[in-house]
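There are 2 protein chains.
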Amino acid sequence: MKKFLAPQPILLPSPVLIIGTYGDNDAPNIMNAAWGGIAASKPPCISVCIREATLTHHNITKNKAFTVNIPSEKYVKQADYVGLVSGKEYNKFEDTKLTPEKSALVNAPYVKEFPYCLECKLVNTVNVGSHTMFIGEIVGIVADSNVLGKNNLPDIKKVKPIMFGSFGSRGYYGVGKKAGDAFAVGNKIKKPGK
Amino acid sequence: MKKFLAPQPILLPSPVLIIGTYGDNDAPNIMNAAWGGIAASKPPCISVCIREATLTHHNITKNKAFTVNIPSEKYVKQADYVGLVSGKEYNKFEDTKLTPEKSALVNAPYVKEFPYCLECKLVNTVNVGSHTMFIGEIVGIVADSNVLGKNNLPDIKKVKPIMFGSFGSRGYYGVGKKAGDAFAVGNKIKKPGK
Numbered sequence: 015m016k017k018f019l020a021p022q023p024i025l026l027p028s029p030v031l032i033i034g035t036y037g038d039n040d041a042p043n044i045m046n047a048a049w050g051g052i053a054a055s056k057p058p059c060i061s062v063c064i065r066e067a068t069l070t071h072h073n074i075t076k077n078k079a080f081t082v083n084i085p086s087e088k089y090v091k092q093a094d095y096v097g098l099v100s101g102k103e104y105n106k107f108e109d110t111k112l113t114p115e116k117s118a119l120v121n122a123p124y125v126k127e128f129p130y131c132l133e134c135k136l137v138n139t140v141n142v143g144s145h146t147m148f149i150g151e152i153v154g155i156v157a158d159s160n161v162l163g164k165n166n167l168p169d170i171k172k173v174k175p176i177m178f179g180s181f182g183s184r185g186y187y188g189v190g191k192k193a194g195d196a197f198a199v200g201n202k203i204k205k206p207g208k
Numbered sequence: 015m016k017k018f019l020a021p022q023p024i025l026l027p028s029p030v031l032i033i034g035t036y037g038d039n040d041a042p043n044i045m046n047a048a049w050g051g052i053a054a055s056k057p058p059c060i061s062v063c064i065r066e067a068t069l070t071h072h073n074i075t076k077n078k079a080f081t082v083n084i085p086s087e088k089y090v091k092q093a094d095y096v097g098l099v100s101g102k103e104y105n106k107f108e109d110t111k112l113t114p115e116k117s118a119l120v121n122a123p124y125v126k127e128f129p130y131c132l133e134c135k136l137v138n139t140v141n142v143g144s145h146t147m148f149i150g151e152i153v154g155i156v157a158d159s160n161v162l163g164k165n166n167l168p169d170i171k172k173v174k175p176i177m178f179g180s181f182g183s184r185g186y187y188g189v190g191k192k193a194g195d196a197f198a199v200g201n202k203i204k205k206p207g208k
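Chains as they are written, first to last, in this note's numbering: chain Z, 15 to 208; chain F, 15 to 208.
Calculated directly from the structure, the hints in this document are not laboratory data.
Treat the hints with care, as some may be off.
Okay, derived cross-link-like pairs now, DSS-like style, lysine-lysine, Cα gap no bigger than 30 angstroms in a straight line [unchecked claim]:
hint	chain 1	residue 1	chain 2	residue 2
1	F	172	F	56
2	F	56	Z	171
3	Z	76	F	56
4	Z	17	F	16
5	Z	191	Z	202
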């Protein structure tokens, strides 16, 4: 039976994006954001949506740069922590014992311990109600060599990213079993003859 | 060891968004999009990023409305198929034997067999290189009653959504084990006394 529910910002799954920026005096900061996704293929772009009240909003506006760091499962505590407290009050790199490394391509730090990071240059800013959408061009990728697959790209089963189950479960989840090959399993459905 | 890779639009995980629209003569269509995510909390908004060449792009521009349907694991074949062929050539609802139902709130069809759907009104359009970003306000949710959790919101373990492992694995994956409670597990990291 179908139920008709009040609108909520619930997408399943939602990613766990750890946004790295430099603040005043080049202080590195990270925050946890779940609102965002890939925005284009050429050039590769990603959107991250952030409230104006945050330090990250201030930092991206100032530096026109940020990183999107993907934590692996074993860093779920650290990923949650950097969403619970503000960089205006806490030094989140110190508290989590994570290590900021300066990106060679953009003026933003990435998280050394995380397996996968997108280095982004701000190309557009869009106001969307409660949040500001920052659209960044992905100008480089930093990845641990041991998470790369045969094609030299990050393999999701090696990266072991977490996802946010949103407000229905309020949990983080790992990646489960393969359900099918993309751009392939659909071919089992017969196309009408043309 | 860190590897520095050429830029690619790879986010882990990426969602599998089945976009429902009406075309000319009210013909219902669905396509598979992986580029998008939640854009704001108030009002709840979502972005979906679509190439101009697609029928979906034409349909959203015309109707200012779309649905975002979340397939459960058992519909992985259908989800892949509607990304392999164009609605300009194929009747994808007929080919997949899925059922279009008209949304009561927006001029777009949702997929009856899928457990979870967001009904969206177009509120903004942003050009991002190869893709057009459509930002929709989520004005309603249609969900199967048996995927709702205690709080009457969709539970990710009951919805059983799939995700796209992107170009490193070219696979779809299910949701795995719970890794921790959101807004909670981070409290295990001691905040410095203030």
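Going through the hints against the structure:
1. F:172 to F:56: holds (26 angstroms)
2. F:56 to Z:171: The given pair, whose Cα atoms are some 34 angstroms apart, is violated under the 30 angstroms limit.
3. Z:76 to F:56: holds (25 angstroms)
4. Z:17 to F:16: violated (48 angstroms)
5. Z:191 to Z:202: Given pair residue 191 of chain Z, residue 202 of chain Z holds - Cα atoms ~20 angstroms apart, limit 30 angstroms.
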